[in-house]
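Novice: So the chains spell out like this:
Protein chains: 2
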Amino acid sequence: MAEFDPGPTGAFATHWDNRPSYSAVKARFRMNWGPIYYRGRLDGTARVIIIGQDPAADENVARRILVGAAGQRVQGFLRKLGLAKSYVMVNTFIYGLKGQIDPEAKQISGSAPIKTWRNQLLDMLKTGQTEAVIAFGAGAAQVVDLWPGASGLFVARPLHPSFRDDAQLRTNWNTWLPQLRTRVTPDPGVTPDSTPYAGATFKKSDLADIPARDLPFGVPKWMGTGDMAWRTAPTQIAWKSLAAEG
Amino acid sequence: MAEFDPGPTGAFATHWDNRPSYSAVKARFRMNWGPIYYRGRLDGTARVIIIGQDPAADENVARRILVGAAGQRVQGFLRKLGLAKSYVMVNTFIYGLKGQIDPEAKQISGSAPIKTWRNQLLDMLKTGQTEAVIAFGAGAAQVVDLWPGASGLFVARPLHPSFRDDAQLRTNWNTWLPQLRTRVTPDPGVTPDSTPYAGATFKKSDLADIPARDLPFGVPKWMGTGDMAWRTAPTQIAWKSLAAEG
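Taken in sequence, the protein lines are chains Z and X.
If you count the first sequence from 1, you need to add 49 to reach the working numbering.
If you count the second sequence from 1, you need to add 49 to reach the working numbering.
Heads up, a few of these hints could be off.
[As the list claims (entries may be wrong)] No more than 27 Å apart at the CA atoms, straight line, and that leaves these computed lysine-lysine pairs for BS3-like:
{"no.": "1", "chain 1": "X", "residue 1": "K134", "chain 2": "X", "residue 2": "K252"}
{"no.": "2", "chain 1": "X", "residue 1": "K270", "chain 2": "X", "residue 2": "K253"}
{"no.": "3", "chain 1": "Z", "residue 1": "K75", "chain 2": "X", "residue 2": "K289"}
{"no.": "4", "chain 1": "X", "residue 1": "K252", "chain 2": "Z", "residue 2": "K289"}
{"no.": "5", "chain 1": "X", "residue 1": "K164", "chain 2": "Z", "residue 2": "K289"}
{"no.": "6", "chain 1": "Z", "residue 1": "K289", "chain 2": "X", "residue 2": "K147"}
{"no.": "7", "chain 1": "Z", "residue 1": "K270", "chain 2": "X", "residue 2": "K270"}
{"no.": "8", "chain 1": "Z", "residue 1": "K147", "chain 2": "X", "residue 2": "K289"}
{"no.": "9", "chain 1": "X", "residue 1": "K175", "chain 2": "Z", "residue 2": "K75"}
{"no.": "10", "chain 1": "Z", "residue 1": "K270", "chain 2": "X", "residue 2": "K253"}
{"no.": "11", "chain 1": "Z", "residue 1": "K175", "chain 2": "Z", "residue 2": "K270"}
{"no.": "12", "chain 1": "Z", "residue 1": "K289", "chain 2": "Z", "residue 2": "K175"}
{"no.": "13", "chain 1": "X", "residue 1": "K252", "chain 2": "X", "residue 2": "K270"}
{"no.": "14", "chain 1": "Z", "residue 1": "K147", "chain 2": "Z", "residue 2": "K75"}
{"no.": "15", "chain 1": "X", "residue 1": "K270", "chain 2": "Z", "residue 2": "K147"}
{"no.": "16", "chain 1": "Z", "residue 1": "K155", "chain 2": "Z", "residue 2": "K134"}
{"no.": "17", "chain 1": "Z", "residue 1": "K134", "chain 2": "Z", "residue 2": "K147"}
{"no.": "18", "chain 1": "X", "residue 1": "K164", "chain 2": "X", "residue 2": "K253"}
{"no.": "19", "chain 1": "Z", "residue 1": "K270", "chain 2": "X", "residue 2": "K75"}
{"no.": "20", "chain 1": "X", "residue 1": "K134", "chain 2": "X", "residue 2": "K175"}
{"no.": "21", "chain 1": "X", "residue 1": "K253", "chain 2": "X", "residue 2": "K134"}
{"no.": "22", "chain 1": "X", "residue 1": "K175", "chain 2": "X", "residue 2": "K155"}
{"no.": "23", "chain 1": "Z", "residue 1": "K175", "chain 2": "Z", "residue 2": "K155"}
{"no.": "24", "chain 1": "X", "residue 1": "K289", "chain 2": "X", "residue 2": "K147"}
{"no.": "25", "chain 1": "Z", "residue 1": "K289", "chain 2": "X", "residue 2": "K253"}
{"no.": "26", "chain 1": "Z", "residue 1": "K253", "chain 2": "Z", "residue 2": "K134"}
{"no.": "27", "chain 1": "Z", "residue 1": "K75", "chain 2": "Z", "residue 2": "K134"}
{"no.": "28", "chain 1": "Z", "residue 1": "K164", "chain 2": "X", "residue 2": "K147"}
{"no.": "29", "chain 1": "Z", "residue 1": "K252", "chain 2": "Z", "residue 2": "K134"}
{"no.": "30", "chain 1": "Z", "residue 1": "K252", "chain 2": "Z", "residue 2": "K289"}
{"no.": "31", "chain 1": "Z", "residue 1": "K270", "chain 2": "X", "residue 2": "K289"}
{"no.": "32", "chain 1": "Z", "residue 1": "K270", "chain 2": "Z", "residue 2": "K253"}
{"no.": "33", "chain 1": "Z", "residue 1": "K164", "chain 2": "Z", "residue 2": "K175"}
{"no.": "34", "chain 1": "X", "residue 1": "K134", "chain 2": "X", "residue 2": "K75"}
{"no.": "35", "chain 1": "X", "residue 1": "K134", "chain 2": "X", "residue 2": "K270"}
{"no.": "36", "chain 1": "X", "residue 1": "K134", "chain 2": "X", "residue 2": "K147"}
{"no.": "37", "chain 1": "Z", "residue 1": "K270", "chain 2": "X", "residue 2": "K252"}
{"no.": "38", "chain 1": "Z", "residue 1": "K134", "chain 2": "Z", "residue 2": "K175"}
Keep in mind the hints are simulated off the structure, nothing from the lab.
Note that the structure is predicted; figures quoted are calculated from it, not measured.
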């Protein structure tokens with residue numbers, strides 16, 4: 050049977066139902082596309098917790114986080130660790146952020162209802178087999194700083210996959226890979242790709258497709274294999290098919 | 050916990066994995082958006098089997114059938130029968146059809162691999178508690194004619210919800226409702242809406258929103274409440290948010 054992610058059950062479903070209201074700060078968020086919560090394993094088999102920033106257009110369509118260009122860079126990073134499935138990803142914010150991680154956004158991220166709810170979520174994701182937390186970017190780094198549960202866990206703080214300078218980003222990621230490789234157990238049957246990022250720009254070979262097991266049932270088979278969506282207006286997204294057959 | 054449809058399990062997932070190839074007839078279908086299979090109950094609790102024609106842009110986005118304008122008309126029809134959840138819907142074709150149900154399309158629908166696979170699916174949907182089959186439109190009527198398993202079942206053959214003449218469509222649907230009401234048991238706690246369609250055009254009050262339990266996890270809460278998507282090019286869909294909060 051083709052793999053897919055049926056969505057959360059039990060405590061995660063309940064926790065997401067009980068998400069904090071963003072009403073008071075809605076001017077900074079793309080509320081109209083709704084909240085988007087996670088990608089990956091919720092069944093306790095994740096050994097790495099990944100923290101990103103906020104969903105963009107590809108994620109609005111897929112209803113999972115880190116599936117577009119940034120997500121495919123992260124997936125390539127995980128391949129270098131030998132991780133094919135034993136990870137779970139959540140974001141700093143459940144709605145798309147308008148603008149950058151500026152002081153106001155950080156203040157929102159640290160506000161009591163949002164921080165408390167997110168810390169509860171991270172506590173639920175942390176298990177006895179958590180080997181590392183990878184916080185991509187400044188927003189995610191703050192999330193970890195605000196999370197008491199991070200104490201005792203190895204936390205990597207690489208630059209965000211959408212960082213403006215590719216060369217700097219790749220150099221930065223290369224500094225984190227060896228530290229993570231000593232701590233993260235590869236998935237069974239998966240050989241870590243031990244090559245560092247070479248050259249100044251991301252090539253197709255540096256990216257990895259989003260696995261079908263991370264996506265909802267019945268999505269086109271090209272979902273998560275390229276850049277598929279962008280906003281054409283605040284309330285409209287263009288969604289492009291990436292192959293002749295879906 | 051908020052309801053959603055996690056997708057198929059077991060025999061249905063396997064059957065959909067084993068879908069027939071449309072390669073030989075791909076000129077007539079929008080293959081790039083992928084196959085879309087169903088909406089509603091797969092757990093044996095459906096008392097009515099609904100057959101539609103093929104998915105359009107709203108269905109491409111939602112990855113469930115009959116969720117757009119036509120689907121909301123069908124949902125309003127089901128409300129008149131007192132059905133809130135005990136139904137399952139499948140289509141004549143799993144890909145979007147280019148053009149109308151013409152002789153060529155009917156020939157494709159009746160070709161051995163497509164017909165045989167679809168009949169197996171319908172056999173899986175038919176249970177001891179199936180009270181009626183509702184085949185909307187000419188494509189679906191042919192599907193039932195080609196399905197040996199329909200023998201012994203009550204089959205309604207109303208016009209398709211996208212029929213070009215609203216007045217004629219509404220009159221036609223009014224002729225089927227009384228026949229179906231005598232056969233279909235309303236869902237517990239649901240009072241059938243016994244009023245016929247009045248006037249020549251569809252009003253908002255004739256439509257019903259697609260229930261969250263029929264849609265995948267985590268979709269915006271306005272999904273299935275209006276017309277949200279349309280094709281802007283063969284490989285591109287515009288997806289519009291229908292409310293300030295999703």
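Novice: Of the numbered hints stated earlier in the document, which are not met by this structure?
Specialist: 4, 5, 9, 10, 11, 12, 16, 17, 18, 25, 27, 28, 34, 36 and 37
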